[in-house]
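Colleague: As you go down the protein sequences, you meet chains A, B and C in turn. The first sequence begins at 1 in the working numbering and counts up by one. The second sequence begins at 1 in the working numbering and counts up by one. The third sequence begins at 1 in the working numbering and counts up by one.
Hints in this document: simulated from the structure, not taken from any laboratory. Treat the hints with care, as some may be off.
[Unchecked claim] One-sided excerpt, in silico: chain A residues whose CB lies under 7 angstroms from chain C:
no. : residue
1   : 160
2   : 164
3   : 167
4   : 173
5   : 198
6   : 199
7   : 202
Note that the coordinates shown come from a computational prediction; the quantities given were computed from them, not determined experimentally. C-beta: ideal position from N, C-alpha, C; glycine also.
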Amino acid sequence: MFGRFVPREGKFFEFFHESADLSVEAARQLKQLLTDLPHGESRARAIKDIEHKADQVTHRAIELLHKTFITPLDREDIHELITEMDNIIDFIEAASQRLYLYGVRQSTPELEGLADICLQSVEYVRKAVHGLNDLKNIKEIRKNCVEINRLENEADHILRAGVAKLFRDETDTRQLIKLKEIYELLEVVTDRCEDVANIIEGITIEYS
Amino acid sequence: MFGRFVPREGKFFEFFHESADLSVEAARQLKQLLTDLPHGESRARAIKDIEHKADQVTHRAIELLHKTFITPLDREDIHELITEMDNIIDFIEAASQRLYLYGVRQSTPELEGLADICLQSVEYVRKAVHGLNDLKNIKEIRKNCVEINRLENEADHILRAGVAKLFRDETDTRQLIKLKEIYELLEVVTDRCEDVANIIEGITIEYS
Amino acid sequence: MFGRFVPREGKFFEFFHESADLSVEAARQLKQLLTDLPHGESRARAIKDIEHKADQVTHRAIELLHKTFITPLDREDIHELITEMDNIIDFIEAASQRLYLYGVRQSTPELEGLADICLQSVEYVRKAVHGLNDLKNIKEIRKNCVEINRLENEADHILRAGVAKLFRDETDTRQLIKLKEIYELLEVVTDRCEDVANIIEGITIEYS
Numbered sequence: 001m002f003g004r005f006v007p008r009e010g011k012f013f014e015f016f017h018e019s020a021d022l023s024v025e026a027a028r029q030l031k032q033l034l035t036d037l038p039h040g041e042s043r044a045r046a047i048k049d050i051e052h053k054a055d056q057v058t059h060r061a062i063e064l065l066h067k068t069f070i071t072p073l074d075r076e077d078i079h080e081l082i083t084e085m086d087n088i089i090d091f092i093e094a095a096s097q098r099l100y101l102y103g104v105r106q107s108t109p110e111l112e113g114l115a116d117i118c119l120q121s122v123e124y125v126r127k128a129v130h131g132l133n134d135l136k137n138i139k140e141i142r143k144n145c146v147e148i149n150r151l152e153n154e155a156d157h158i159l160r161a162g163v164a165k166l167f168r169d170e171t172d173t174r175q176l177i178k179l180k181e182i183y184e185l186l187e188v189v190t191d192r193c194e195d196v197a198n199i200i201e202g203i204t205i206e207y208s
Numbered sequence: 001m002f003g004r005f006v007p008r009e010g011k012f013f014e015f016f017h018e019s020a021d022l023s024v025e026a027a028r029q030l031k032q033l034l035t036d037l038p039h040g041e042s043r044a045r046a047i048k049d050i051e052h053k054a055d056q057v058t059h060r061a062i063e064l065l066h067k068t069f070i071t072p073l074d075r076e077d078i079h080e081l082i083t084e085m086d087n088i089i090d091f092i093e094a095a096s097q098r099l100y101l102y103g104v105r106q107s108t109p110e111l112e113g114l115a116d117i118c119l120q121s122v123e124y125v126r127k128a129v130h131g132l133n134d135l136k137n138i139k140e141i142r143k144n145c146v147e148i149n150r151l152e153n154e155a156d157h158i159l160r161a162g163v164a165k166l167f168r169d170e171t172d173t174r175q176l177i178k179l180k181e182i183y184e185l186l187e188v189v190t191d192r193c194e195d196v197a198n199i200i201e202g203i204t205i206e207y208s
Numbered sequence: 001m002f003g004r005f006v007p008r009e010g011k012f013f014e015f016f017h018e019s020a021d022l023s024v025e026a027a028r029q030l031k032q033l034l035t036d037l038p039h040g041e042s043r044a045r046a047i048k049d050i051e052h053k054a055d056q057v058t059h060r061a062i063e064l065l066h067k068t069f070i071t072p073l074d075r076e077d078i079h080e081l082i083t084e085m086d087n088i089i090d091f092i093e094a095a096s097q098r099l100y101l102y103g104v105r106q107s108t109p110e111l112e113g114l115a116d117i118c119l120q121s122v123e124y125v126r127k128a129v130h131g132l133n134d135l136k137n138i139k140e141i142r143k144n145c146v147e148i149n150r151l152e153n154e155a156d157h158i159l160r161a162g163v164a165k166l167f168r169d170e171t172d173t174r175q176l177i178k179l180k181e182i183y184e185l186l187e188v189v190t191d192r193c194e195d196v197a198n199i200i201e202g203i204t205i206e207y208s
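Please put together the full structure from these sequences, using the hints given.
Modeller: Here it is in structure tokens:
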């Protein structure tokens, strides 16, 4: 296949950027969703659409990987990175669907705090991923990774304190179970961001 | 050690096939278990036995890896693949044990739908793994991987809608917690199948 | 940078040992915590401090990786190993915090059994990690990995039977949810130990 010999290295970075942009967009929609839970369905559907688009980006990136001879980064790193970035959006979508499907009618400070951190975290992922383009500024990339780790700790703290609060104050056990699961899913978003940060950190180590 | 110099490449594929066959067998038994929950104990024990056999296959594959000089695929890929295939069976077993241990007396459409998807998914894993034997038909292998991804999405959908239904209709909160956990474990079976599909996809990328 | 050319290979092993020592210390503190739950806060804080120290060890190991030219093991293996070892402590800390935050006042045989297994498991991790120093005694290393797998199975068994018991005997549904989560977190500690064992096993395969 001719395409195999044409250098298309830059295309991979475009896919990384597209995926990162979509996760930022999903995290923004999630914050909006929390401000208008009674009309959550359409917002949740919008996030589902974003997640679907991200799947296609991932799919096309992997297709390209199969057709490309010379890749700008290790083949396996590209595969792992695009797959793990996809996971971030999957969990944003998972949390947003549950808000709607479980009929959560009212937001909580914990939901808002976690959604805020998710947005910040994917924004740092986007910055870190952009840094991969030239790998010249490894310090900058790693600074973003440190921030992602910090935000994961913060999310973890909100989750723990928030669930403890539910055990103390939420008298409806079903509501407690619902919110606990959604808090956990939002915290997993920051875990997945940390996984991506670890992969990026690993790439900078190989190329440093 | 003499054995180290004798080519035994094919043996690794036999281990992959054995592990895949065992996961298909476990998924079939799980479907049977759902048709006769009051006598679940013996069926759950049969699945435990299958899981134990799979552990031994994994163990022997890793032993062989230590003794083999030239491997048919990257050493680490073999290690990762056999380990992750083992995880599939672990979660089938985990779900089946809970059905019995938690005294679930009656199946639900969601349990049956998820068990169906688990069986389909491990059947595609088996096909994909068989394709690794010669790596000539990469398109075919990847078609199986696409199906595994599709089934994971389907399982996720059943899980979400099923848990939302439990929150609406299941008045016994303990029963809700039990079924929610088992639905989640069955969905994880399809996640683990997807992990295996990702590894296989990664291998086809390296060798394409 | 001059440091880059000075061989500091041994330093990586020191970091592995430090991290392993900290996880053993954390697991010991967890056992203590269970004997005095009403005063859990200070003990949980001590475990938090250990976790924080482990984070710094991980961070310094990754820094060194960036500055070191010749590494005693594959760069990526070092990165993955130190990161996964850190995860072990994270889950010990997560479980201990919940005991305190959820106001668990009384231990159970399952909590004690699981904490015991966690301690044994991290002790085997420490032994396995020490074996990496010279990789001469691969049989010994792998024996430790086998023990870690065995302990993971044992923890899984306690978890399942323990949760089934909660469903039968614990009349307070919130208490059931709390203990179920903490049992699960302690079982995850042994899963993370198994992940580390798998990485170590992978390293011995590469170097055998």
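Colleague: Would the stated hint for residue 202(A) survive a check requiring a Cβ distance to chain C of less than 7 angstroms?
Modeller: This hint holds: residue 202(A) lies near chain C, its Cβ roughly 5 angstroms from the closest one there, short of 7 angstroms.
Colleague: Would the hint on residue 164(A) stand, with a C-beta cut-off of 7 angstroms toward chain C?
Modeller: Holds, because the Cβ-Cβ distance from residue 164(A) to chain C comes to roughly 4 angstroms (cut-off 7 angstroms).
Colleague: Min Cβ distance, residue 167(A) to chain C: is it shorter than 7 angstroms?
Modeller: Hint holds; residue 167(A) Cβ to chain C Cβ min 6 angstroms, cut 7 angstroms.
Colleague: Taking the closest Cβ pair, is residue 160(A) under 7 angstroms from chain C?
Modeller: 6 angstroms, holds
Colleague: With 7 angstroms as the cut and Cβ atoms as the points, is residue 199(A) at the interface with chain C?
Modeller: Given a least distance of 10 angstroms, the restraint on residue 199(A) is violated.
Colleague: With a cut-off of 7 angstroms on the beta carbons, see whether residue 198(A) makes it to chain C.
Modeller: The hint holds - residue 198(A) has a Cβ within 7 angstroms of chain C, the shortest such distance being about 6 angstroms.
Colleague: Could you check if residue 173(A) really has its C-beta closer than 7 angstroms to a C-beta on chain C?
Modeller: Hint on residue 173(A): holds, closest Cβ of chain C at ~6 angstroms, below 7 angstroms.
Of the numbered hints given earlier, the model fails hint 6 alone.
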